[in-house]
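Full structure from sequences and hints, please.
Note that the protein sequences, when read in sequence, are chains B and U.
Numbered per this note's numbering, the first sequence spans residues 1 to 589.
Numbered per this note's numbering, the second sequence spans residues 1001 to 1341.
Just so you know, not all the hints are guaranteed correct.
Which bits of chain B does chain U cover? Going by a derived footprint, with three or more residues having C-beta under 8 Å, they are [as the list claims (entries may be wrong)]:
no.	region
1	113-119
2	240-247
3	297-305
4	409-418
Calculated lysine-lysine pairs in the DSSO-like style (CA-CA distance at most 30 Å, straight line) [what the hints assert, rightly or not]:
no.	chain 1	residue 1	chain 2	residue 2
5	U	K1314	B	K127
6	B	K523	B	K582
7	B	K415	B	K404
8	B	K523	B	K575
9	U	K1060	B	K268
FYI, nobody ran anything at the bench for these hints, they're computed from the structure.
These numbers come from a predicted model, not from an experiment.
Glycine is no exception: its CB is placed at the ideal position from the N, C-alpha and C atoms.
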Amino acid sequence: MKGRWPILLFAAVMAAIPHLPGMPPFWIVLSDNIGLSALVAMGLVLLTGVGGLTSFGQAAFVGFGAYTSAVLTTAYGLSPWLSLPASLLVSGLAAVLLGLVTVRLSGHYLPLGTIAWGLGLFYLFSKLEFLGRNDGISAIPPLSIGPLKMLDPGAIYYAIWIAVLVCALLTMNLLDSRTGRAIRALRRGHVAAEAFGVQTPRAKLLVFIYAAVLAGLSGWLYAHFERAVNPTPFGAQAGIEYLFIAVVGGAGYVWGGVLGAAIVVILKEILQSYLPLLLHGEGQLETIVFGILLVALLQLAPTGVWPWLMSLLPFKPDGKRPDTSLTLPPRPRTPGEPNVLLQVDSARKQFGGVVAVNDVSFDVQSREIVALIGPNGAGKSTTFNLITGVLTATSGTISVLGRKLHNAPPQEVVKLGISRTFQHVKLVPDMTVLENVAIGAHLRGQASALASMFRLDRADEARLLAEAARQVDRVGLSGQIDQLAGSLSLGQQRIVEIARALCVDPMLLLLDEPAAGLRHMEKQQLAALLRQLRDGGMSVLLVEHDMGFVMDLADRVVVLDFGTKIAEGAPDAIKSNPEVIKAYLGVAA
Amino acid sequence: MLFLVQDGITNGAIYALLGLALVLVFAVTRVILIPQGEFVTYGALTYASLASGQMPGTAKLAVAMGVAAFAFDLFAARRSLHGPRVARAFLVNIALPCAVLALTFFFVSRHPPALVSVALSLVIVAAIGLFLYRLAFQPLAHTSVLVLLIASVGCHLALQGLGLLFFGAEGQRGPTIADTALSAGPLRFTGQSIAVYGITVAFIVALWLFFGLTLYGKALRATAVNRLGARLVGIRTSLSGQIAFLLASVIGALSGILIVPITTLYYDTGFLIGLKGFIAAIIGGLVSYPLTAVAALMVGIVESFSSFYASNFKEVIVFMLLVPMLLLRSLAAPAVEEEKD
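In structure tokens form, the structure reads like this:
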């Protein structure tokens, strides 16, 4: 429980607030509103700040939660406690339906799409007869435990803030887990995550549903707090407001959501109650000032207030060292592996009229380091992408251990024991080296999202982190294990990628220009590591431009030029091959 | 039936103009321009106020924003202040809006001809657009699309509040630009609707020419593709942003002026109109101008039909229209790797 005391302290303070003598009831109402907004913002933190999926439509999910409970408790006389699961279910189901449509949208379509259905649903709420049209539904029963009816704001205060605290804990637990790392990797594009077995569409849908369920919970609480619902608080305006609560607080930080809610709710309240007094009640002046303050706040702290506050703290929370005595079971292997691990047979890739890879064939045997070389644009990286399923081949076959891949997606290829690094480093810069490397072990853990929310994943998680720490150590970066990946030099980042690839426990390692950006000594260490891996039974296929490095290390060299294989053989033979010299230097020697 | 189509096309043409402006601004600055709707109302209501002999508050707003922009410029260049730079900043930020304010004062009591009102309204709103970029977005140019979007919402709130302050809660209508009308079979074309079509087409062609043929247009496109690269070859990206906002505010104001004789506009009407332009822009994928124009016409037609047959659900239908469109787009679009934040 170390590191949890700030949360306990926060809980104690929040519990004490209603009991403070002289606390005006008005401030309690305000705190209730902050809590309600914080719940929605927390979902957005996960969805937008962490997962990179911007949604303007969260207010609609709040509406689903509120209306579900309103209808069930008034028209059908259900107890609010029974309508709670229904509220969560309805918002969750709505999220599944809308998510299936919109989560696939890339980049900027998504936020715009959410505006669209957010508005559409708002108008729907205000037009449907059984939802009371614009008047909404009133006389909703209050929450009650036994004889205690939570009628006044001070009573429901506890329900709201317990919900906020519990959800904050669950959310933080989720983020600090195998699934959480997959979610955090989403924002940086999916190629890297998919190369290690993350089902990105599923991960996106998961956060989308999670955020919607939190919004639904907020809606349920709202319905029994106000004891009346009408469409206004579920419109586009509210949806936008939730988003800037998250952004102002610091999208990407769970407590940023709570802080943002406090800032925005209190700011609006102050502006609404004091500005008219100051300036003699000119209409809507508060929106003007609010808008201007919002822009000013963003210009001062573009990443949000929470990270800015945290950077002011004199002490830094220290990273926990994983217990490296734990081990993961090795990836299951087929007994009696044949000699040929990878067989590329006249693979071809055309982009329109351009033939990037022209009927290339080669193989990689077990315990062998094969280098793929060639001038820029020769099709080396494209070949890598064909093997790992990032691109689909136009024709030809690629087989692993004698089985044809049939353009299997990256998530399937990695299961066969082929892992890779990228020419352009694809790490998550705001995650630590250890966390980045642990993504490599994604497929070797089992814990589900639900299990990790309730901390039932700790044994699984400890083994994953132990494995990651071992691989970081193996590549010689244990000194940097707690640093953010983005703070490392490019050469070191490439090495982190190798550690991540090793976490798969691969039989074949695909390295795309691993030595680029390394100094001489580091290159020698890398070469030593690769030899050691080969001697341990692994094969390596690497693309590299540093000829000294390649010729020294590789057992066999395959040369591509303009997508076509022009030579293959031992390094010495390649060095004197006239075709190769011609391709590199342009003249026959 | 036919008049519904006609009505839809008239509205659609306006949405097309707005959609184009949104695409333009997004492509160049990555800002999703929510305040576009305010440019529409500002343009329309400034024009209507001028026509009815009232002093529009927007002219003063332009001066106030100009003063603030001047301060921003001076602060940003505080380490390398020299005469020509200060003079240039003064000319653009202070002299220009003050001159416009003086002209407005001069004309407002003299019942100016429609064209003068139009020109004044356009210049006022253009200045506001320009300064809006300088004040709100230029300092945020390096941040993520999300932060820019939230800032954009902030601007929308502030400008909408100011709109209420300037124009009051009552709706206004403006005089038509052209009073002629002609009939073709069962349809009657008013001069106003012809002006709408003509100006929309002219703008689409002009934008196309601007981006295809002029150096500034190419610089804007370069900025859109790669900010850093554009800067390295000497394009001032802040200038590109200013041009984009200038164009967007002119387009917005013009759209407002075109529709204010047809429908009553309130201080907050622009938001909804802007959103529909938005839908068109989204269907166009925020990149394609012709597709946006076609989509806008479609939105207009769907809207006019649904307001006739199911007026209660008009907005629901229009906004829900987007969902299948997006689905189609995402199915058609190849999976692209996004490396940006």
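Hints, one by one, checked against the model:
no. : hint                : in the structure
1   : 113-119             : holds (count 5)
2   : 240-247             : holds (count 4)
3   : 297-305             : holds (count 3)
4   : 409-418             : violated (count 0)
5   : K1314/U with K127/B : holds (11 Å)
6   : K523/B with K582/B  : holds (27 Å)
7   : K415/B with K404/B  : holds (14 Å)
8   : K523/B with K575/B  : holds (20 Å)
9   : K1060/U with K268/B : holds (27 Å)
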